[in-house]
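Line by line, the protein sequences are chains A and B. Numbering follows our numbering, in which position 342 of the first sequence is assigned residue number 342; successive positions increment by one, without gaps. Numbering follows our numbering, in which position 231 of the second sequence is assigned residue number 231; successive positions increment by one, without gaps.
Heads up, a few of these hints could be off.
[Unchecked claim] Within a straight-line C-alpha distance of at most 16 Å, the following computed EDC-like cross-link-like pairs (lysine to aspartate or glutamate) qualify: (1) B:K281 - A:D21; (2) B:K253 - B:E280; (3) B:K281 - A:E169; (4) A:K213 - A:D155; (5) A:K153 - B:D51; (6) A:K203 - A:E169; (7) A:K291 - A:D21; (8) A:K153 - B:D22; (9) A:K237 - A:D21; (10) A:K53 - A:E310; (11) B:K253 - B:D228; (12) A:K291 - A:D25.
[What the hints assert, rightly or not] Residues on chain A that point at chain B, a partial pick, calculated with CB under 10 Å: (13) V90; (14) M261; (15) D337.
By construction, these hints were calculated from the structure, which means they are not laboratory data. All C-beta atoms in this analysis are idealised placements derived from N, C-alpha and C, irrespective of residue type, glycine included.
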Amino acid sequence: MPRTRLNVDTPLEFLSILTEDGVVDRDLEPDVSEELLLKLYRFMILGRRFDEKMLQLQRQGRIGTFAPIKGQEASQLGAVAALEPRDWMVPCFRETAAQLWRGTPMESVLLYFGGYDEGGRIADGQRDLPVAIPVASQLLHAVGLAWAAKYRKSDEVAMTFFGDGATSEGDFHEALNFAAVYQTPTVFVCQNNQWAISIPRSKQTRSRTLAQKALGYEMPGIQVDGNDVLAVYTAAKEAVYRARSGGGPTFIECVTYRMAMHTTADDPSRYRTEEEVAEWARKDPIARFEKYLAAKGWLTPQGLEAVASEADAAIQKAVQRYEELAKSLGDPLQMFDHHFEQLPAHLVEQREELRRFLETENEEARHA
Amino acid sequence: MPKMTMVQALNLALRQEMEKDDRVIVLGEDVGVDGGVFRVTEGLIDRFGPDRVLDTPLAESAIVGMSIGMAVYGLRPVCEIQFSGFSYLNFHQIECHASRLRHRSQGRFTVPMVLRTPYGGGVRALEHHSESREVFYAHMPGLKMVIPSGPRNARALLVSAIRDPDPVIFFEPKAVYRAFREEVPEEEETLPIGKSLLVREGRHVTLITYGAMVRPALEAADRLSQKDGIEAEVIDLLTLAPLDDTLFVESAKKTGRVVIVHEAPRSYGPGAELVARLVEKAFYFLEAPVRRVTGYDLIMPLFAREQAYLPNAGRIVRAVKETLEAAA
Numbered sequence: 001m002p003r004t005r006l007n008v009d010t011p012l013e014f015l016s017i018l019t020e021d022g023v024v025d026r027d028l029e030p031d032v033s034e035e036l037l038l039k040l041y042r043f044m045i046l047g048r049r050f051d052e053k054m055l056q057l058q059r060q061g062r063i064g065t066f067a068p069i070k071g072q073e074a075s076q077l078g079a080v081a082a083l084e085p086r087d088w089m090v091p092c093f094r095e096t097a098a099q100l101w102r103g104t105p106m107e108s109v110l111l112y113f114g115g116y117d118e119g120g121r122i123a124d125g126q127r128d129l130p131v132a133i134p135v136a137s138q139l140l141h142a143v144g145l146a147w148a149a150k151y152r153k154s155d156e157v158a159m160t161f162f163g164d165g166a167t168s169e170g171d172f173h174e175a176l177n178f179a180a181v182y183q184t185p186t187v188f189v190c191q192n193n194q195w196a197i198s199i200p201r202s203k204q205t206r207s208r209t210l211a212q213k214a215l216g217y218e219m220p221g222i223q224v225d226g227n228d229v230l231a232v233y234t235a236a237k238e239a240v241y242r243a244r245s246g247g248g249p250t251f252i253e254c255v256t257y258r259m260a261m262h263t264t265a266d267d268p269s270r271y272r273t274e275e276e277v278a279e280w281a282r283k284d285p286i287a288r289f290e291k292y293l294a295a296k297g298w299l300t301p302q303g304l305e306a307v308a309s310e311a312d313a314a315i316q317k318a319v320q321r322y323e324e325l326a327k328s329l330g331d332p333l334q335m336f337d338h339h340f341e342q343l344p345a346h347l348v349e350q351r352e353e354l355r356r357f358l359e360t361e362n363e364e365a366r367h368a
Numbered sequence: 001m002p003k004m005t006m007v008q009a010l011n012l013a014l015r016q017e018m019e020k021d022d023r024v025i026v027l028g029e030d031v032g033v034d035g036g037v038f039r040v041t042e043g044l045i046d047r048f049g050p051d052r053v054l055d056t057p058l059a060e061s062a063i064v065g066m067s068i069g070m071a072v073y074g075l076r077p078v079c080e081i082q083f084s085g086f087s088y089l090n091f092h093q094i095e096c097h098a099s100r101l102r103h104r105s106q107g108r109f110t111v112p113m114v115l116r117t118p119y120g121g122g123v124r125a126l127e128h129h130s131e132s133r134e135v136f137y138a139h140m141p142g143l144k145m146v147i148p149s150g151p152r153n154a155r156a157l158l159v160s161a162i163r164d165p166d167p168v169i170f171f172e173p174k175a176v177y178r179a180f181r182e183e184v185p186e187e188e189e190t191l192p193i194g195k196s197l198l199v200r201e202g203r204h205v206t207l208i209t210y211g212a213m214v215r216p217a218l219e220a221a222d223r224l225s226q227k228d229g230i231e232a233e234v235i236d237l238l239t240l241a242p243l244d245d246t247l248f249v250e251s252a253k254k255t256g257r258v259v260i261v262h263e264a265p266r267s268y269g270p271g272a273e274l275v276a277r278l279v280e281k282a283f284y285f286l287e288a289p290v291r292r293v294t295g296y297d298l299i300m301p302l303f304a305r306e307q308a309y310l311p312n313a314g315r316i317v318r319a320v321k322e323t324l325e326a327a328a
């Protein structure tokens with residue numbers, strides 16, 4: 001037989017709707033209500049200002065290490081806005097704004113990064129998994145949740161988040177493969193923020209795009225301007241619709257930028273230039289969205305200020321609640337909770353050992 | 001009562017639980033059409049269909065990671081990892097998520113899944129197919145670790161594991177899979193996880209063991225009784241985590257002499273924990289040093305030498321005699 005060309009159908013699109021200057025492509029502009037757009041704007045502002053507040057709290061030693069989201073507000077909020085409350089959200093660790101959108105109280109985020117396990121508690125009815133730190137491992141949970149939803153003949157969708165670095169992990173490939181084989185209603189959202197700690201996107205993979213990795217699994221892939229909330233929302237809406245209507249999984253690559261450090265323990269000046277950061281600052285997702293909303297006549301200078309001050313007031317209250325809660329959560333014995341439905345005998349013994357030790361310590365302290 | 005091999009008994013447990021509860025899903029490599037490489041899942045796909053018996057792609061991390069998602073959703077996945085020697089590819093899903101999601105979510109989400117996998121030597125297998133690494137999982141907080149020793153307790157424990165609200169690692173001694181038959185009742189039978197079993201009464205020495213080593217331990221006990229008039233008490237742990245130390249501590253207090261038998265390597269092996277518990281809880285009753293008859297701290301040899309690596313009745317008899325000869 002001769003050597004012939006295999007016709008592998010590999011459609012791959014890039015989507016951008018709102019330019020860096022806030023100019024909208026009228027043909028692509030999605031039909032979204034003023035109410036939803038303003039809600040998105042409010043959460044983008046809340047996400048950014050909460051991030052800034054957390055950085056301040058971390059520097060003051062009032063919370064521990066955390067991963068800032070600055071610059072990635074559009075890519076996570078645009079995606080999660082396409083979900084219904086009955087859908088599942090499976091985050092990694094840089095989705096604070098998406099978590100707030102889904103209903104996680106800010107004080108829970110603060111408790112978690114403040115070192116209290118109680119911060120991981122997800123409210124009953126809220127279908128979000130807690131933060132997952134081991135890179136790419138959580139993608140498989142989204143596949144399992146989506147498989148189960150399909151098995152139960154429900155129309156729920158599972159959306160999972162990860163970064164560009166995750167696409168090098170085995171679990172990323174296993175998850176895309178399983179999702180495609182079983183046609184699970186899973187939406188994979190890659191926040192390609194250009195840096196996996198100090199490793200740039202160009203050293204992470206030889207592929208020209210991350211989106212094209214979907215094609216190896218016969219899965220639709222799309223690359224979007226991740227700083228364009230309209231583009232992210234449009235792509236996510238399509239992916240969620242596809243998943244919900246039995247069309248299987250989708251991979252979305254949001255091209256964005258991590259404006260701050262990997263975590264508060266990181267110093268990006270060791271590996272990237274200020275020029276690069278400045279270049280991305282011009283592509284800021286919030287600035288261009290403000291211009292768009294202003295041009296629509298939906299956001300006035302007064303409205304803009306009101307959103308910011310409302311966010312600040314809510315953040316201030318949350319910080320207060322966090323610090324009050326933290327005081328009430330001082331009991332070290334609570335570390336023994338939630339390991340098993342029933343605490344086994346050896347853990348009852350170990351808890352008792354700690355309880356007795358703490359008691360005598362306290363007594364000694366009183367006498368001293 | 002029908003007489004069954006462990007393979008048939010495990011199959012019975014899976015079939016009956018799948019019949020009773022549509023949350024139970026079986027998944028793994030070759031578990032469907034092929035019925036599993038050891039045939040534990042034979043016939044399940046015909047009975048329950050490919051929606052409940054998933055022939056998965058070849059990826060252990062995905063099998064376990066997907067099971068975690070299913071369990072969080074409210075299903076009861078029972079996944080099979082074809083050999084425990086391949087479970088290292090899914091290790092991080094167990095360590096980072098299955099064992100922790102209840103805690104990380106502070107009780108909101110639980111992971112009621114079972115990971116079944118054959119372990120241990122003695123079947124003349126290839127490299128990576130004969131190791132006993134149960135301690136990796138027994139060491140992990142948030143997990144239960146069960147190892148049956150015969151058809152009847154395997155069936156009863158697997159039913160309990162499937163119904164357990166927490167993740168259970170279920171190691172199946174592949175050397176026992178078809179080694180002998182036992183009467184296994186058709187009607188439901190369970191055994192509590194976290195409870196050890198007295199399988200032979202004795203007064204001179206206590207043998208503590210589990211899994212495939214229960215048979216050589218019993219054989220040694222018979223020989224000691226017949227030839228030397230030594231009556232060994234034999235305890236089958238059945239669960240390594242949480243470890244039930246009440247029975248063996250009581251037995252050690254009675255006999256004052258203990259020999260531990262496992263095929264896992266000795267250093268930091270399950271025996272180390274057993275000795276520690278004995279020292280903590282029965283120190284003043286011990287009349288001789290505790291002996292460990294175990295696999296050596298070696299890479300498991302290929303099968304031509306595996307019988308020399310594995311503990312057997314002869315090595316156990318020798319250790320018991322040395323223990324009894326030791327000065328009080």
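Outcome of the hint check:
no.: 1; hint: B:K281 - A:D21; result: 74 Å, violated
no.: 2; hint: B:K253 - B:E280; result: 12 Å, holds
no.: 3; hint: B:K281 - A:E169; result: 46 Å, violated
no.: 4; hint: A:K213 - A:D155; result: 26 Å, violated
no.: 5; hint: A:K153 - B:D51; result: 12 Å, holds
no.: 6; hint: A:K203 - A:E169; result: 14 Å, holds
no.: 7; hint: A:K291 - A:D21; result: 7 Å, holds
no.: 8; hint: A:K153 - B:D22; result: 13 Å, holds
no.: 9; hint: A:K237 - A:D21; result: 24 Å, violated
no.: 10; hint: A:K53 - A:E310; result: 14 Å, holds
no.: 11; hint: B:K253 - B:D228; result: 22 Å, violated
no.: 12; hint: A:K291 - A:D25; result: 14 Å, holds
no.: 13; hint: V90; result: 8 Å, holds
no.: 14; hint: M261; result: 24 Å, violated
no.: 15; hint: D337; result: 7 Å, holds
The structure shown violates the earlier hints numbered 1, 3, 4, 9, 11 and 14.
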